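Q: These are the residues of each chain, in order.
There are 2 protein chains.
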Amino acid sequence: MTDAVSYPSHEDDVTLTPIGRISSDYPDKFGVPRQPGLVPAGRAVLHLLPPFDDPQTVRGLERISHLWLTFIFHRSPKRWTPLVRPPRLGGNAKLGVFATRSTHRPNRLGLSLVELERIETTSGVRLYLRGHDLIDGTPVLDIKPYLPWAESRPDAQAGFAPDAPASHPVVFSPEAEATLAQRDDSDSLHELIIQVLGQDPRPAYHGDTPTRVYGVFLRDVNVRFRAVVEAGNNTIMKVLEITRYQK
Amino acid sequence: MTDAVSYPSHEDDVTLTPIGRISSDYPDKFGVPRQPGLVPAGRAVLHLLPPFDDPQTVRGLERISHLWLTFIFHRSPKRWTPLVRPPRLGGNAKLGVFATRSTHRPNRLGLSLVELERIETTSGVRLYLRGHDLIDGTPVLDIKPYLPWAESRPDAQAGFAPDAPASHPVVFSPEAEATLAQRDDSDSLHELIIQVLGQDPRPAYHGDTPTRVYGVFLRDVNVRFRAVVEAGNNTIMKVLEITRYQK
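Protein chains in written order, with the working numbering: chain U, 1 to 247; chain B, 1001 to 1247.
A couple of the hints might just be wrong.
To be verified - Looking from chain U toward chain B, a few residues come up when the C-beta cut is under 10 Å (computed): (1) I64; (2) I72; (3) Y146; (4) A156.
As the list claims (entries may be wrong) - Far from chain U, some chain B residues (derived; all Cβ distances over 10 Å): (5) I1143; (6) V1171; (7) R1212.
FYI, nobody ran anything at the bench for these hints, they're computed from the structure.
Model, not experiment: these values are computed from the prediction.
Each residue gets a CB set at the ideal place from its N, CA and C atoms; glycine is no exception.
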């Protein structure tokens, strides 16, 4: 173990090829949960791409319940800055980019722990996932099994993000309820909306626009909502309407 | 969420730049623990490389106890096969490469959970790590804080690798003990040897060469050892001698 370290050159760069691509409940960045486990109802399909779509590549994976996906934040800018403002700190405090899970980071690498629901290998290879945080179209670079005996460390100290963020109540207008009731995926979409809005996806700065209406895209709908501050200073999320949108 | 998926082209390739490089107790592949937590005594230094070596990039990281490192298995071949033989299955059974943590995989991406011992920013940025499984010279692509509330999932099902592998007893010859006693790092090297050999680093196929002497490189020494099968069929690791080697 020496202190010597060689300096970088473009010779050290590595070129990687996506092994798969995500089809997701999240067509857009806004509304994507800030960590995968926060929205268990979030669903995605990972389609393996040739030449990685040989069913042999996933033999034995059916005995694995949780997977690591390494992917590219393909909708994030390539530029990065040494300091970022994590939403968990209200957008006020700056932390080093490597002390956060920010999507604006060198190499734009993402890492998510997801649940594997089932595998289909009849036509190519498709992994059905739950509890993810991946935008539609995300290129995936690797899949690894989660190893609980090595990677479950409940006593680890996580600094500014020691616990899961609290969830807010979500209520629906009669119009939104009526739209939901007409859909085949009524129950699962209802659950998804509650979990996504419960995390308060609004940007950190919103103190001056309390009545603003936001729209979050989930599956094929635009969920228009507003945050309402109630007595006791509790914030609830109110779904105003749910409309179809065209990708 | 559609079933359509676009086919890959080289346009989808991504070029990534190492943000740091590892100096490690492990100069060579042979002997590296098969998961990072198995050898807590294993030490490494991650040197950030320019332009990522701005101390601001790690501001706040001192409050984080465990880090994810995403890196390249730079000593593994670039070729890969859909099926691999994990050492945990004795080298006999084949599993899909994405169902394993094999180092011979598409994109050669590694993922390790390591302990952060301390940070030095007086001259560049150095992260002092413990409990790692990284070979000297490993290029690191990303550093992320471990989030126990999201990533500690003790109930996950891990198929063929549900538990940590058992550890074997390690004994030292008088010659090896004498060599160790003369070193400044006597205690920590002793601990490292016990943890590394306890994992039985021999290749899976060794049934026909029970008396073979192996050498594992740790720090600046070659640790020559043999596996001895005792009464009751227990295997102990016997350190025969410890010699200096030149890189």
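Q: With reference to the structure, classify each hint as holding or not holding.
A: Hints, one by one, checked against the model:
no.: 1; hint: I64; in the structure: holds (5 Å)
no.: 2; hint: I72; in the structure: holds (6 Å)
no.: 3; hint: Y146; in the structure: holds (5 Å)
no.: 4; hint: A156; in the structure: holds (4 Å)
no.: 5; hint: I1143; in the structure: violated (4 Å)
no.: 6; hint: V1171; in the structure: holds (26 Å)
no.: 7; hint: R1212; in the structure: holds (28 Å)
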